[in-house]
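Colleague: Here is how the chains run, residue by residue.
Protein chains: 4
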Amino acid sequence: MDTLSIVALLYGPDQRGLVARVAGWIFDNEGNILHADQHRDPEENIFFQRVEWIQPGNIATVRRVADAFAIMAREKLGMTVRVALSHEVPRIGALVSKVPHCLQDIAYKSKRGEIRGELACVVSNQTELQAFCASISLPFHHVEPQGCDNRGAEDALLEIFRLYKVDLIIMARYTQVLSSHFLQSASIPVISIHHSFLPAFPGGRPYQQAYSRGVKLIGATAHYAAPSADKGPIIAQDVVRISQRHSIADLIEKGRDLEQLVLAQAVRLHLENRVLSYNNRTVVFD
Amino acid sequence: MDTLSIVALLYGPDQRGLVARVAGWIFDNEGNILHADQHRDPEENIFFQRVEWIQPGNIATVRRVADAFAIMAREKLGMTVRVALSHEVPRIGALVSKVPHCLQDIAYKSKRGEIRGELACVVSNQTELQAFCASISLPFHHVEPQGCDNRGAEDALLEIFRLYKVDLIIMARYTQVLSSHFLQSASIPVISIHHSFLPAFPGGRPYQQAYSRGVKLIGATAHYAAPSADKGPIIAQDVVRISQRHSIADLIEKGRDLEQLVLAQAVRLHLENRVLSYNNRTVVFD
Amino acid sequence: MDTLSIVALLYGPDQRGLVARVAGWIFDNEGNILHADQHRDPEENIFFQRVEWIQPGNIATVRRVADAFAIMAREKLGMTVRVALSHEVPRIGALVSKVPHCLQDIAYKSKRGEIRGELACVVSNQTELQAFCASISLPFHHVEPQGCDNRGAEDALLEIFRLYKVDLIIMARYTQVLSSHFLQSASIPVISIHHSFLPAFPGGRPYQQAYSRGVKLIGATAHYAAPSADKGPIIAQDVVRISQRHSIADLIEKGRDLEQLVLAQAVRLHLENRVLSYNNRTVVFD
Amino acid sequence: MDTLSIVALLYGPDQRGLVARVAGWIFDNEGNILHADQHRDPEENIFFQRVEWIQPGNIATVRRVADAFAIMAREKLGMTVRVALSHEVPRIGALVSKVPHCLQDIAYKSKRGEIRGELACVVSNQTELQAFCASISLPFHHVEPQGCDNRGAEDALLEIFRLYKVDLIIMARYTQVLSSHFLQSASIPVISIHHSFLPAFPGGRPYQQAYSRGVKLIGATAHYAAPSADKGPIIAQDVVRISQRHSIADLIEKGRDLEQLVLAQAVRLHLENRVLSYNNRTVVFD
Chain A
1 MDTLSIVALL YGPDQRGLVA RVAGWIFDNE GNILHADQHR DPEENIFFQR
51 VEWIQPGNIA TVRRVADAFA IMAREKLGMT VRVALSHEVP RIGALVSKVP
101 HCLQDIAYKS KRGEIRGELA CVVSNQTELQ AFCASISLPF HHVEPQGCDN
151 RGAEDALLEI FRLYKVDLII MARYTQVLSS HFLQSASIPV ISIHHSFLPA
201 FPGGRPYQQA YSRGVKLIGA TAHYAAPSAD KGPIIAQDVV RISQRHSIAD
251 LIEKGRDLEQ LVLAQAVRLH LENRVLSYNN RTVVFD
Chain B
1 MDTLSIVALL YGPDQRGLVA RVAGWIFDNE GNILHADQHR DPEENIFFQR
51 VEWIQPGNIA TVRRVADAFA IMAREKLGMT VRVALSHEVP RIGALVSKVP
101 HCLQDIAYKS KRGEIRGELA CVVSNQTELQ AFCASISLPF HHVEPQGCDN
151 RGAEDALLEI FRLYKVDLII MARYTQVLSS HFLQSASIPV ISIHHSFLPA
201 FPGGRPYQQA YSRGVKLIGA TAHYAAPSAD KGPIIAQDVV RISQRHSIAD
251 LIEKGRDLEQ LVLAQAVRLH LENRVLSYNN RTVVFD
Chain C
1 MDTLSIVALL YGPDQRGLVA RVAGWIFDNE GNILHADQHR DPEENIFFQR
51 VEWIQPGNIA TVRRVADAFA IMAREKLGMT VRVALSHEVP RIGALVSKVP
101 HCLQDIAYKS KRGEIRGELA CVVSNQTELQ AFCASISLPF HHVEPQGCDN
151 RGAEDALLEI FRLYKVDLII MARYTQVLSS HFLQSASIPV ISIHHSFLPA
201 FPGGRPYQQA YSRGVKLIGA TAHYAAPSAD KGPIIAQDVV RISQRHSIAD
251 LIEKGRDLEQ LVLAQAVRLH LENRVLSYNN RTVVFD
Chain D
1 MDTLSIVALL YGPDQRGLVA RVAGWIFDNE GNILHADQHR DPEENIFFQR
51 VEWIQPGNIA TVRRVADAFA IMAREKLGMT VRVALSHEVP RIGALVSKVP
101 HCLQDIAYKS KRGEIRGELA CVVSNQTELQ AFCASISLPF HHVEPQGCDN
151 RGAEDALLEI FRLYKVDLII MARYTQVLSS HFLQSASIPV ISIHHSFLPA
201 FPGGRPYQQA YSRGVKLIGA TAHYAAPSAD KGPIIAQDVV RISQRHSIAD
251 LIEKGRDLEQ LVLAQAVRLH LENRVLSYNN RTVVFD
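Protein chains in written order, with my numbering: chain A, 1 to 286; chain B, 1 to 286; chain C, 1 to 286; chain D, 1 to 286.
Treat the hints loosely; a few may be bogus.
If several chains are the same, the list does not tell them apart, and a pair holds so long as it fits within one copy or across any two.
Unchecked claim - Cross-link-like lysine to any residue pairs, in silico, SDA-like; alpha carbons within 25 Å at most:
#1 K254 x H35
#2 K111 x I248
#3 K231 x N45
#4 K165 x V7
#5 K231 x R16
#6 K76 x R274
The set of hints was computed from the structure by calculation and includes no laboratory data.
Work out the full structure: start from the sequences and follow the hints.
Modeller: Now the structure itself:
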């Protein structure tokens with residue numbers, strides 16, 4: 001596609017006339033709005049918007065318009081704002097352990113162009129997935145965890161992700177919890193997949209917990225990582241029906257498909273700039 | 001709620017600046033936008049919008065603003081437009097035959113305030129549901145069908161619905177097809193429920209058809225009535241899983257819950273002014 | 001249907017040959033098996049079976065065969081067993097508070113023959129639903145709760161349910177927790193509906209909890225009542241998708257349909273003798 | 001697992017005592033039933049059973065017991081019967097064209113042991129997927145289609161599948177219809193995935209058809225191939241919700257995940273010997 005477009009995600013204190021001012025600015029700057037979704041949190045009085053518009057011009061001029069929009073939204077409207085250009089492809093770093101299915105799914109979706117991002121590198125606290133990465137020429141790094149104080153290992157992770165200029169980190173069934181030091185230092189979003197319908201069954205062995213409780217549906221939850229495990233803002237969730245005919249092994253198998261589906265869905269939404277998070281919740285413009 | 005709000009549904013040829021002009025007009029007229037959803041059909045180049053805003057003033061002044069908006073949207077923006085005021089409660093007429101569940105569900109949802117409409121009267125080509133209507137003091141009229149040329153019976157229906165000042169007609173498992181004469185003369189929307197996942201299994205006995213074909217899911221479809229049966233714009237659909245363990249009688253039972261759910265969902269969406277139809281499809285702002 | 005059938009639900013320690021012995025006994029006693037579902041809990045080594053068969057003869061002879069089967073299963077096979085005859089219609093007592101939708105749904109499903117049970121009486125700690133019960137000639141009793149020690153009120157409930165010879169109690173959005181004294185004295189099953197996807201959001205105001213946590217699906221759970229609230233064996237669960245577009249009021253509305261659907265599903269399964277509970281879980285032969 | 005087990009799938013004219021005779025034979029031959037599911041088609045008076053049992057002994061003796069069971073079921077009970085041994089791993093041949101996702105999913109599920117079958121070879125009427133197959137050392141054969149009379153090309157396919165001793169053929173988004181000559185000559189099951197909720201939208205470009213009709217759910221259907229395209233017995237189906245916000249490109253993307261999920265589900269069910277087909281329908285013991 002030759003035409004370039006801009007996506008802006010913004011939120012801040014609600015006030016009368018915001019929709020008109022945003023749309024008016026874009027109109028005055030020759031843009032043509034493709035989609036404009038608003039949301040209001042009436043309790044918190046916060047305004048949220050995702051607006052996507054076609055902007056005439058070359059890459060440099062479109063970049064300038066996007067930056068000017070961000071400044072206007074911040075200074076004139078009091079909004080927190082993020083802008084992205086349609087031709088930029090974000091780079092993804094993956095954290096994995098032993099389980100391959102989520103990584104393989106993201107890797108193939110990235111290769112087939114089904115998600116708007118390029119898988120740039122994989123880092124693992126194990127070595128099992130090295131061979132798979134080699135087979136598709138995907139850089140793989142092994143970083144040994146260091147027990148209680150994991151600061152050194154985390155710094156190594158940060159170093160690797162910086163080296164590959166990663167814009168997003170995906171925890172694709174990574175078995176360690178990242179510290180708040182890591183999350184702050186990384187200063188890029190981190191998406192994790194938990195294999196339960198949170199907040200039911202947080203922590204370890206959720207399928208065993210689900211089996212013991214005798215639930216009739218199992219779930220998976222993709223969320224932004226937060227310092228306390230399984231507590232971050234939820235991006236996507238789904239469930240699948242089970243019965244007594246399913247053993248724990250069956251739940252794990254059924255869950256695998258679900259995990260990879262829900263993770264891919266969350267990654268897509270994020271990469272298409274459809275997710276805003278605030279107050280430990282998300283607004284998803286889908 | 002003391003504050004009054006206006007909902008406008010509009011669509012027409014797309015042009016640059018529409019979002020800005022609608023939002024600007026509302027801002028200039030003291031309104032405060034609560035929700036504004038846009039949609040574009042890029043193939044047909046049509047713009048669709050649902051905008052809901054708080055309008056200060058009493059009923060008379062708010063009515064005047066709503067009318068002024070409609071005139072502006074029509075004449076200045078070239079849009080087809082419909083406006084509704086938050087305090088107005090639409091009146092519903094139901095067409096039924098023998099099967100009670102859809103009527104009973106709508107009747108109770110209306111009484112409990114779960115749908116924004118008042119069930120004003122019931123008309124039937126049978127007499128089975130007269131006792132139920134009497135038990136909840138709901139006016140019931142029996143209109144005998146007249147075989148091939150049903151014009152006379154249909155005129156009687158039209159007469160009754162006009163008498164009760166009905167804004168919406170619901171076919172709650174009504175067994176006759178309405179002619180295009182009826183649909184044109186009524187000049188109000190008619191919502192029908194079909195007990196299959198259209199376009200699979202149109203026409204009669206859909207559960208038997210589904211059973212014979214061996215499908216693994218059965219469905220229900222609520223749509224606006226059109227002169228050719230089961231062909232109108234689809235408003236809502238849902239499905240439920242079945243297996244060989246289910247007989248045709250089981251499908252009918254499972255389907256009943258689904259039909260009433262899907263019909264209620266479509267009626268709610270319509271009454272909240274969330275549905276626009278064009279080119280035999282709908283745009284649903286949900 | 002003139003032919004009579006028997007349903008037996010049995011469970012107990014697994015041993016080789018159980019399926020053959022049950023099927024052989026029925027064959028020797030002139031029965032013709034319609035359905036026979038088995039389940040095994042391999043961890044606990046428990047065998048579960050639901051077997052339904054056509055039994056020639058009149059009501060008295062069929063009753064004798066059913067009783068003989070129960071004795072054989074208990075004494076020869078070491079099973080816990082329950083038998084039911086196809087022509088017997090269980091009687092239901094409902095406990096309600098102010099919210100009408102679950103009661104109304106069960107009442108109409110019972111009247112329309114959509115569940116295999118007769119709603120015999122309603123008992124409430126409030127008076128709001130008295131008028132509805134009167135309108136469909138359904139006995140209604142008001143029992144005032146008594147604060148901390150609710151023993152007297154619970155004894156009144158038990159007395160009423162015994163008077164109406166109730167076989168099953170349904171808590172149709174009843175706002176009080178029943179004591180273990182009540183549950184033991186009643187000695188009949190009690191089914192409750194909780195308006196969340198348990199074990200997420202137990203206790204009060206689950207929709208508010210779901211809203212605060214920012215989940216993307218809300219649920220409902222029907223379970224057998226247990227002395228600790230929201231902890232009993234789960235019979236049925238379902239979920240519905242939500243987004244930031246839904247306020248708490250919207251969640252409550254969407255949840256209402258789900259609650260009544262899930263409760264009706266659990267009640268149907270129970271009344272068709274498809275549910276066995278053990279170790280705080282259920283085996284559902286559906 | 002050291003213990004060996006046998007699965008038998010049988011169906012035929014119903015008669016009193018079948019369950020008892022099957023269970024009795026297994027008991028007499030030292031087997032221990034793990035699962036026994038029956039189904040009856042009351043209209044056609046056909047009995048269906050899947051029975052799985054632990055059989056003591058080594059591979060040779062267990063094979064003999066399985067063969068003896070098959071002979072007994074055929075000759076004494078008049079059943080059509082298929083037996084499989086737990087330690088045998090079926091071999092799969094895949095037919096593909098250009099679209100990679102279904103093949104890649106099956107390939108990785110097979111490698112990760114998530115389906116009980118080994119992907120033995122891939123045959124394509126195109127060359128796009130050759131590189132992928134090479135990267136995972138999976139034999140790939142290109143067979144040029146021959147236009148109207150495709151007999152020669154089909155014979156080449158048959159030859160290749162025989163060479164690789166394939167037990168099951170999967171059409172993983174293969175764009176040609178197989179002739180009844182092929183299906184009869186192959187004499188092994190062929191599973192196909194159609195990218196719609198059949199019988200809605202058979203034939204080509206189903207997502208375009210779904211978009212035009214304005215449905216609110218899109219689906220995928222896995223079925224056994226039959227001489228007339230998209231008409232064979234349905235094994236698995238699922239749907240996903242869409243709205244006007246989704247373009248045809250979005251439907252294709254959402255559909256991709258669904259197709260691969262539904263195909264994998266059908267392949268699993270088949271490989272675990274859970275599917276019986278008759279009268280163009282399936283009985284699925286899940």
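Colleague: Output the indices of the hints that this structure fails to meet, ascending.
Modeller: Going through the list in order, the structure violates hint 5 alone and respects the others.
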